[in-house]
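**Student:** Here is what each chain is made of, one letter per residue.
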Amino acid sequence: MTTHNTEAASGVQANARQGSAEIDINSYNDRIVRYFVLATILWGVVGMLVGVIIALQLPFRGANLGQYLTFGRLRPLHTNAVIFAFAGNAIFAAIYYSTQRLVKARMFSDAMSLFHFWGWQAIIVSAALTLPLGITTSKEYAELEWPIDIAIAVVWIVFGANFFLTLKNRREKHMYVALWFYIATIITVAVLHVGNSLALPVSLTKSYPIYAGVQDAFIQWWYGHNAVAFFLTTPFLGLMYYFLPKAAERPVFSYRLSIIHFWSLVFIYIWAGPHHLNYTALPEWATTLGMTFSVMLWMPSWGGMINGLFTLRGAWHKLRDSVVLKMYVIGITFYGMSTFEGPMLSVKSVNALSHYTDWTIGHVHAGALGWNGFMTFGMIYWLVPKLWRTELWSQKLATTHFWIGTIGMLLYVFSMYTSGITQGLMWRAFDETGRLAYPDFIETVVQIIPMYWVRMVGGTLYLTGTLLLAFNVMKTIAKAPKDLPDPAFALPSSAYSA
Amino acid sequence: MKRFIETSGRHRKIEGWPLVFTILVTLSILVGGIVEFLPLVLVKSNIPRIETVKPWTPLELAGRDIYIREGCNNCHSQMVRPFRQEIERYGEYVKPGETIYERPFLWGSKRTGPDLYRVGGKYPNLWHVRHFDDPRSTSPKSIMPRYTWFQKQDLNFDGIGRKMQTLQTLGVPYSDEEIASAADNAKRQAAAIAQDVVASGGPANLEGKEIVAIVAYLQRLGTDIKGSSASTAAAGISDVPSGTN
Ligand code: HEM
Ligand code: HEM
Chain A
141 MTTHNTEAAS GVQANARQGS AEIDINSYND RIVRYFVLAT ILWGVVGMLV GVIIALQLPF
201 RGANLGQYLT FGRLRPLHTN AVIFAFAGNA IFAAIYYSTQ RLVKARMFSD AMSLFHFWGW
261 QAIIVSAALT LPLGITTSKE YAELEWPIDI AIAVVWIVFG ANFFLTLKNR REKHMYVALW
321 FYIATIITVA VLHVGNSLAL PVSLTKSYPI YAGVQDAFIQ WWYGHNAVAF FLTTPFLGLM
381 YYFLPKAAER PVFSYRLSII HFWSLVFIYI WAGPHHLNYT ALPEWATTLG MTFSVMLWMP
441 SWGGMINGLF TLRGAWHKLR DSVVLKMYVI GITFYGMSTF EGPMLSVKSV NALSHYTDWT
501 IGHVHAGALG WNGFMTFGMI YWLVPKLWRT ELWSQKLATT HFWIGTIGML LYVFSMYTSG
561 ITQGLMWRAF DETGRLAYPD FIETVVQIIP MYWVRMVGGT LYLTGTLLLA FNVMKTIAKA
621 PKDLPDPAFA LPSSAYSA
Chain B
196 MKRFIETSGR HRKIEGWPLV FTILVTLSIL VGGIVEFLPL VLVKSNIPRI ETVKPWTPLE
256 LAGRDIYIRE GCNNCHSQMV RPFRQEIERY GEYVKPGETI YERPFLWGSK RTGPDLYRVG
316 GKYPNLWHVR HFDDPRSTSP KSIMPRYTWF QKQDLNFDGI GRKMQTLQTL GVPYSDEEIA
376 SAADNAKRQA AAIAQDVVAS GGPANLEGKE IVAIVAYLQR LGTDIKGSSA STAAAGISDV
436 PSGTN
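Line by line, the protein sequences give chains A and B.
Sequential numbering from 141 applies to the first sequence in our numbering.
Sequential numbering from 196 applies to the second sequence in our numbering.
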């Protein structure tokens, strides 16, 4: 059974429901989607630029420029910018565009949409100011101090309300699978954010968490791992389920598979947090539980990958001419790779080697550059011509972006695997007399510096690709019609087309 | 199961009920976290107490917050794992009971530099002063940034009491007297460190600077169980987790 048929079926339902009202003119708010797309590109460039800077600071100490721009302060700026600003704006663009079409209704409130947009950008700007100033909680991906945390909660609630009220106004009875993933994202991120941010303020810029030590560590990685799950995975799966069938003009491979992998994914992911704390002071039963669920997570993750790749069955020839599909295929493949690698890294004996090393960094960026980056780029190349009602300025440039990005990513990921495994082995090496073979830590650092340079080059290539995207989009917008009215549609006469 | 996932099966029904769908999602995501977290709070034996582990002194607390401000945790872990190579390199592995005053925990996820949990007492104070001024003065190939401003910037002694008060509210056993005399106490400890630095041939006039706080913090790290009954064998936590190699 394919969603193709189910869509047809629900189309009938919608028509039936609309039976009495003959024509109902409605429109989609695409302006807000344009905003989010532009913000995605802007912050993508900024976040990756900071990534390249910190990549330079490791092999070249002189790039630590003064108190506010040392590696320790810029690294959280990089992670916050790429996760919450780049990937964040991308998923909002995806959600605002696809939800309206999937439920055949305009977003509930334009004011709430705008509040969401500007509120989120204000949060990003405040992050970009406070992190270099050293105002931080130190908890990874939750570094922002309590006033900003409150702002995040408020903006998120407005976003959620706007989304759910739009669902309420829907003219499609059934929710398509992309919407399931959006629901899971909105609910879970709210729970995680509140749970991990509970703290008592000392002043406007400083607070102490209500948890201490082992408990704090547990909560942090319950949050941290599920930020990966519900900020970098589920919304992107939703994005995939909407935009991939669109671009391939094929229905999703399997409806049943989407049900099974959706529910197992949202249930299992939450348990996996302790794999970040293997062999630490967290009790062993907890890390064993975390490891077990992480290994189980492999299956539902690959369910998503299979549903994505098999959607392209019979459409592979389209890849040749479509940069969008090329991006998606690499993106989904990297999703598959990192969700195979993740369960492997969770296994304690592997983690004993990989933890604390660049292997983790390689894993992170296989997911981040491959899956999040390429899915976002694919979406933007597909959306921009629709949103600005003109052809993409240059397909050729987009294809160049694809290749530069792919090469950059491969250099990044494989240099980090090499350095991670090298350093991990050096840390544990003993000589014949039973003493540490490399007792001086710095020896193990010097060894991997060439790999740091390779990563720098790879990252610079990847950033260059993103700049090409920015340029291409600017050129496209320059030739777009001045007037871009919201697309209107009439119900019930129009067939279901989302 | 089959009936559930058929195209016109039960799942199809809940796809038409966003509220029910949302409630089911919420329940699914709550289970794992609750099952794993509650035992950590309720079952005391998960985090056995160690008598000699005490809260930070005022100066150390200020130093810890500088550590957080600078993001040292982005390069340094503070969690020695129970492996032979780590114990040999860094010292005893970390026990749960040692971490109870860590707000926030600073275990880290990346070792760009070495683990610091047992760095307390490893070097003289002056070594740290020189190392922060220029890590290459003690380790010629170091990639650690210079922290020259530690010796220049004044430490905010008066703000420490406020911090201790907040921590007291959260349950850290600071007495009211300790909070009231926080600044004086910190100044005393700072003077002692500054004197030691001078006596070892280092720069003078550091007693009011940030450097003494961060050094005080580092020198305390991981030392609470040293020589006490809580070191591995005696504390009854002698079971080295499996996987030690
Ligand atoms: C031009 C592209 C990029 C470059 C050069 C780059 C570089 C870096 C560097 C140097 C680090 C620090 C590694 C270390 O501590 O040893 C880092 C960490 C990180 N980056 Fe990137 N990055 C890039 C893009 C991205 C993107 C697009 C994302 C996410 C969507 C991302 C997510 C992260 C995360 C989550 C970490 C922290 C990893 C951890 O704590 O284990 N990066 N990046
Ligand atoms: C089945 C899925 C996955 C599992 C089981 C998994 C597992 C893991 C494990 C074991 C680590 C290393 C923890 C450590 O030793 O410190 C890790 C780190 C990480 N993974 Fe994954 N991973 C999965 C998928 C992904 C995906 C798709 C992404 C990104 C888009 C991702 C992003 C990250 C990040 C950002 C970290 C670094 C966290 C940190 O230390 O700061 N993971 N993951």
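Just so you know, these hints were derived from the structure itself, not from any lab.
Watch out, some of these pointers could steer you wrong.
[Stated by the list, open to error] From the structure, some residues in chain B lie toward chain A, with a derived Cβ separation under 7 Å:
1) Ser-223
2) Ser-272
3) Gln-280
Note that this is a predicted model, so its numbers are computed, not measured.
C-beta atoms are modelled at their ideal positions from N, C-alpha and C, and glycine is treated no differently.
**Student:** With reference to the structure, classify each hint as holding or not holding.
**Tutor:** Hints versus structure:
Checking B:Ser-223 against chain A by beta carbon gives a least distance of about 5 Å; that is within 7 Å, so the hint holds. Taking 7 Å as the C-beta contact cut-off toward chain A, the hint placing B:Ser-272 at the interface holds, the least distance being around 6 Å. Hint status for B:Gln-280: holds, given a least beta-carbon distance of 4 Å to chain A, under 7 Å.
Checked against the numbered hints given earlier, the structure satisfies every one of them.
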